Amino acid sequence: EAGVAQSPRYKIIEKRQSVAFWCNPISGHATLYWYQQILGQGPKLLIQFQNNGVVDDSQLPKDRFSAERLKGVDSTLKIQPAKLEDSAVYLCASSLSSGGGNEQFFGPGTRLTVL
Amino acid sequence: AQSVSQHNHHVILSEAASLELGCNYSYGGTVNLFWYVQYPGQHLQLLLKYFSGDPLVKGIKGFEAEFIKSKFSFNLRKPSVQWSDTAEYFCAVTQGSGGSYIPTFGRGTSLIVHP
Numbered sequence: 001e002a003g004v005a006q007s008p009r010y011k012i013i014e015k016r017q018s019v020a021f022w023c024n025p026i027s028g029h030a031t032l033y034w035y036q037q038i039l040g041q042g043p044k045l046l047i048q049f050q051n052n053g054v055v056d057d058s059q060l061p062k063d064r065f066s067a068e069r070l071k072g073v074d075s076t077l078k079i080q081p082a083k084l085e086d087s088a089v090y091l092c093a094s095s096l097s098s099g100g101g102n103e104q105f106f107g108p109g110t111r112l113t114v115l
Numbered sequence: 116a117q118s119v120s121q122h123n124h125h126v127i128l129s130e131a132a133s134l135e136l137g138c139n140y141s142y143g144g145t146v147n148l149f150w151y152v153q154y155p156g157q158h159l160q161l162l163l164k165y166f167s168g169d170p171l172v173k174g175i176k177g178f179e180a181e182f183i184k185s186k187f188s189f190n191l192r193k194p195s196v197q198w199s200d201t202a203e204y205f206c207a208v209t210q211g212s213g214g215s216y217i218p219t220f221g222r223g224t225s226l227i228v229h230p
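Protein chains in written order, with the numbering used here: chain A, 1 to 115; chain H, 116 to 230.
Hint data in this document are derived by calculation from the structure and do not stem from the laboratory.
Keep in mind the model is a prediction, meaning the values are calculated, not measured.
Where hints are given, some of them may not hold.
As the list claims (entries may be wrong) - With the Cβ distance kept under 8 Å, some of the chain A side facing chain H (calculated, not the full set):
#	residue
1	GLN41
2	GLY42
3	LEU45
4	GLN48
5	ASN51
6	ASN52
7	VAL55
8	ASP56
9	PRO61
10	ALA88
11	SER98
12	GLY99
13	GLY101
14	GLU103
15	PHE106
16	GLY107
Backbone N, C-alpha and C fix where the C-beta goes; we use that ideal spot for every residue, glycine too.
In isolation and in its complexed conformation, chain H is listed as follows (with noise of 0.2 Å):
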């Protein structure tokens, strides 16, 4: 069965420092990679996803994520945080095949950016 771990549950920083939240999985076929994002307050929406070509992917309000096929990751970064990306971040993986594919979610790293 799949897996995915994120090692930070806790992150806090201030305004301007700079972000990298880990997350790896264990499948080692074809995976496709998302992270989400929970505002307070809010639904769950994506915020980057990879599903082939660049491993570099952009996502809104800055994000980017890297994956690395020989490292089973797919890290979450952004150069300057801000206090309203204060939130709870969830990277999920799908695997599968044909028109099937089957959702697995991190346990989420929650971040709290002071002003």
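So that you can see chain A by itself, here it is in the shape it has in the complex (with noise of 0.2 Å):
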């Protein structure tokens, strides 16, 4: 089967512009995650979809980030302005569902840096 797509691979801009990155999850998985992962760190999600709603957006910071699910299949997730802080690897995954046993399938992410 198909993996998780993500596109672009590597972005670089400048502080203060805009980026977004775009995701194709598995088919039938209902559930998409988008993480950032800076260097060193593990994976911080952003946002879980659940189909098109929101599950948990607690740690997306909402001020300048911002995601859609809008059919329930593909995702964005845009930021707007960038700061440097935002240079990071950013992971979709999805699973078959938000239960809790259920496995993440990862794509390759966006490697994003910011200027």
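Both chains are sitting in their own frames, so use the hints and assemble them into the complex.
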């Protein structure tokens, strides 16, 4: 089966610019996750969708980050405006549902550098 | 809020040595526990998980982990490591209820195995 797709793989922008990331989960997976992984740290959950509804976005910096999953399939994560501290790898993952025992399948990530 | 601690940030071993990576979590209620692995240049992938039942769980490539509820721990073990086990290892916990479980990851342990 096809895995989780993400694009772009790399992005370099200047601070105060905007950037968007795209994720296409595994077909049939209801739950989609966006994580921020700063170098040397573990993935930090930004937002979790169940179909097109938000399960948790408590760690999403809502003044600058936004995410949507309008049709319950693919999703976009946007940063506007970017700050230097946003430099990180942005991971997308999907699972069959938000049930606790479900395995997450991860995409390759987008490496963002903010100059 | 849930927190996950991985005490060993960097581990260097020789082939055939035994491995134990520590993982402790903070939440006292019902949790599901995971170990994910990221091999160089690859995506994060599931190594093993505990959902219920036997607290000693076995995963891929000879890895196992033991859930000790009284110690809030889920340590990863392998009796004899190989050079190909060189990777980043992440402990993760999901907590919640009903159909909505929220994942939290530890900061990861970098394992280098010398041939």
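Hints and how they fare:
1. GLN41: Holds, because the Cβ-Cβ distance from GLN41/A to chain H comes to roughly 5 Å (cut-off 8 Å).
2. GLY42: Nearest chain H Cβ about 4 Å off; hint holds.
3. LEU45: Given a least distance of 6 Å, the restraint on LEU45/A holds.
4. GLN48: 7 Å, holds
5. ASN51: Result: violated, 11 Å to nearest chain H Cβ.
6. ASN52: 15 Å, violated
7. VAL55: 5 Å, holds
8. ASP56: 5 Å, holds
9. PRO61: 16 Å, violated
10. ALA88: 14 Å, violated
11. SER98: The hint holds - SER98/A has a Cβ within 8 Å of chain H, the shortest such distance being about 5 Å.
12. GLY99: Hint holds; GLY99/A Cβ to chain H Cβ min 6 Å, cut 8 Å.
13. GLY101: Since the shortest Cβ distance to chain H is 4 Å, the answer is holds.
14. GLU103: Where the cut-off is 8 Å and the nearest Cβ of chain H is about 5 Å from GLU103/A, the hint holds.
15. PHE106: 4 Å, holds
16. GLY107: 7 Å, holds
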